[in-house]
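Engineer: These are the residues of each chain, in order.
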Amino acid sequence: MLEIKNLKACIEEKQILKGINLTVNAGEVHAIMGPNGSGKSTLASVLAGREGYEITDGEVLLQKNDILEMAPEERAREGVFLAFQYPVEIPGVNSTYFLKSAVNQIRKHRGEEELDAMKFLKLVKSKMKELGLAEEFLKRPVNAGFSGGEKKRNEILQMTMLEPSLAVLDETDSGLDIDALRIVADGVNRLKNQNNAQIVITHYQRLLDYIVPDFVHVLYNGRIIKSGDKTLAHDLEEKGYDWLIKDS
Amino acid sequence: MSASTDTIDNFVASDYKYGFTTDIESESLEPGLNEDVIRFISAKKHEPEWLLEWRLKAFRHFEKMENPSWPHVKYPPVNFQEISYYSAPKKKGDGPKSLDEVDPKLLETYEKLGVPLHERARLAGVAVDAVFDSESIGTTFKEDLAKAGVIFCPISEAVREHPELVRKYIGTVVPYTDNYYSALNSAVFSDGSFVYIPKGTRCPMELSTYFRINAANTGQFERTLIVAEESSHVSYLEGCTAPMRDENQLHAAVVELVALDNAEIKYSTVQNWYPGDEEGRGGIYNFVTKRGMCKTNAKISWTQVETGSAITWKYPSVILKGDNSVGEFYSIALTNKAQQADTGTKMIHIGKNTRSTIISKGISAGRGQNSYRGLVQVGKKAVNARNFSQCDSLLIGNKCGAHTFPYIEAKNPTASIEHEATTSKIGEDQIFYCNQRGLETQDAVNMIVNGFCKEVFRELPMEFAVEAQKLLDVSLEGSVG
Ligand SMILES: Nc1ncnc2c1ncn2[C@@H]1O[C@H](COP(=O)(O)OP(=O)(O)O)[C@@H](O)[C@H]1O
Ligand SMILES: [Mg+2]
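Sequences listed follow chains A and B, in order. With this note's numbering, the residue at position 95 of the first sequence is 95, and numbering never jumps. With this note's numbering, the residue at position 45 of the second sequence is 45, and numbering never jumps.
Hint data in this document are derived by calculation from the structure and do not stem from the laboratory. Among the clues, some could well be false.
Stated by the list, open to error - Pairs of lysine to aspartate or glutamate residues, derived as EDC-like cross-links and limited to a Cα-Cα distance of at most 20 Å, are as follows:
no., chain 1, residue 1, chain 2, residue 2
1, A, Lys-108, B, Asp-443
2, A, Lys-151, B, Asp-144
3, A, Lys-151, B, Asp-429
4, B, Lys-399, B, Glu-229
5, B, Lys-454, A, Glu-89
6, A, Lys-139, B, Glu-455
7, B, Lys-425, A, Glu-89
Note that the coordinates shown come from a computational prediction; the quantities given were computed from them, not determined experimentally.
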């Protein structure tokens, strides 16, 4: 699914990613943990193609295709989805219209028929019901005036609708109460199948009780300094990061 | 955030779709402005003596005035002697008596502009007056309208056929002394539309005038007069385009609306004059005076979508003279490339319980400069006058500007005036968010701009709302980095 090889990236001449290697196979869930400022969000942004980063070395292959040359919207259509750590407000743009446009762009790219308003509404309402989201969401402008929790849930709704092959969730669980956390986990677990993969960036073991990762990685100072299975997350919960950092 | 701003800076406006010229033999006056030119225009249109006298008085007044310097726009002084004040397609014999006799090249031009005039292709439910340079070349659905008693014709024809109506109302809302360009227009106006809706009549279709500038070095001085008698109703729309040229061209129009007791006039504009290029070469100077006068219980509503012109200088206004009268102004003004717009409205509350609403949406992209200038004036006798104004600006990129100049003068203590203003910017992070969901940058910008403008789109007649939205998209189109 995804192969990251020796990825190095700078922002404003400052090296943030210092050689990341990571292989994610279809059907797997990977958790990335690590102290603040390690480069987790930077990695997510580079995968999604945000402007302003200079890739100084390495490659990123998605289903064997090099995606670093692709525009962000092409990557999205190829199946990369980023649930933002800080979802952006877009006042004036209706959520339904936004989501329908996005769904249809991606369907078009996959050679599927575009959905008309009726079919789209039916689909989105059924997905919202599954996730336990209020329909009132759809009437509001994208994220405008949403609480932190609502924004995160909206990310999950979008992810559910777009059915990405690679979903990257950047601290989607931060600041959520337990109910919202369940919605997020539920969204990921429903999406998960043998043909897709998820990367979950988080600070907390508690999310990993709901989304059980196949692998846990610790990102520190631009490098993955430790990888393991889900027990690593428990160790981190108990001991913090210091023991790893001293070692590295 | 510190990510680079390349994406948005790379917005360069697309090619102007209506920039073609029609190769047609025309009869044009040599450039120059003097009394003989005015006499020529008046004679050409077989005008009565009173109108010539009025034009000459306006001209003498104009000569004593000076170009206004208060608008927030910059341009080299206009040399009025270098402009031709009359140009019209050459007529064979007496000229066409009906649309069937109009030169096919002209019909083709309007077809290309999306305003077919032939019977078979006409827009259903919309009567069109087509003004080409200084002359109207024809009006559709005239007979159908006549059955309802509605007069819709070129103003030059109205001067000949309905002189008493024209004489009674022309210059009553915008006197030639009003401002520099209204004086010039009154002296040299060539053509425009005249509308008369009889008492108690609801105009059976949308009326629309399409202004096209074709000839080079020619000014267009349109004059439009709409009179809605008591308890009548009319919805009118104007559209405008011009060829791409490196020289600037002047369009100085005067539009007067008269809404008598209980009458309602809805006036919509989709203005897409050639805006000039990135460097600010060429484009139309659009210096326009539009004003309406409301009698008791009357309502005038201006809706404008302004995407064209190098420079726009325009304040559609309402004089709320009658008690309980209502004035509305809904505006979208977009400036891209090197365009400059200084636009807004004046709401003059004179009668009791008069109400006005102002919704202005300014969009600046490229190096565009967009100013809202509005006056809300409440007179001594205007008990319980109410105004609500909302002026929002949207910036796209870092090189453009938005400015707001609201003026409030209230002489009656019962007045209630509310003013809200916001400025926002399309951010790189918003664009990236949309990109990440599979949307092109262009579509993302259009979506945000359309969302920003929707309160105004809602006010346009259905048929034109879609057009206006497309026009906005096209005006923002460009190579996206
Ligand atoms: N736009 C930026 N400009 C300069 N430095 C940045 C920018 N974004 C992130 N950084 C720096 O990059 C490092 C990694 O940040 P980030 O990827 O957000 O870490 P994490 O998500 O692991 O907390 C931090 O030192 C941060 O200060
Ligand atoms: Mg982060």
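Engineer: None of the hints should be skipped; say for each whether it holds.
Structural biologist: Taking the hints in turn, this is what the structure says about them:
Only pairs whose Cα atoms come within 20 Å are accepted, and A:Lys-108 paired with B:Asp-443 is accepted, the gap being roughly 15 Å. Straight-line distance between C-alpha atoms of A:Lys-151 and B:Asp-144 comes to about 56 Å, which puts the hinted pair past the 20 Å bound. Of the supplied pair hints, the one linking A:Lys-151 and B:Asp-429 holds, its CA atoms being roughly 15 Å apart against a limit of 20 Å. The hinted pair formed by B:Lys-399 and B:Glu-229 fails the criterion: a straight-line CA distance of about 48 Å is larger than 20 Å.
Using a Cα cut-off of 20 Å, the hinted pair B:Lys-454 and A:Glu-89 holds, with the two alpha carbons roughly 18 Å apart. As the CA atoms of A:Lys-139 and B:Glu-455 are separated by approximately 16 Å, the hinted pair is consistent with the 20 Å bound. A hinted pair counts as satisfied when its Cα atoms are at most 20 Å apart, and B:Lys-425 with A:Glu-89 qualifies at roughly 12 Å.
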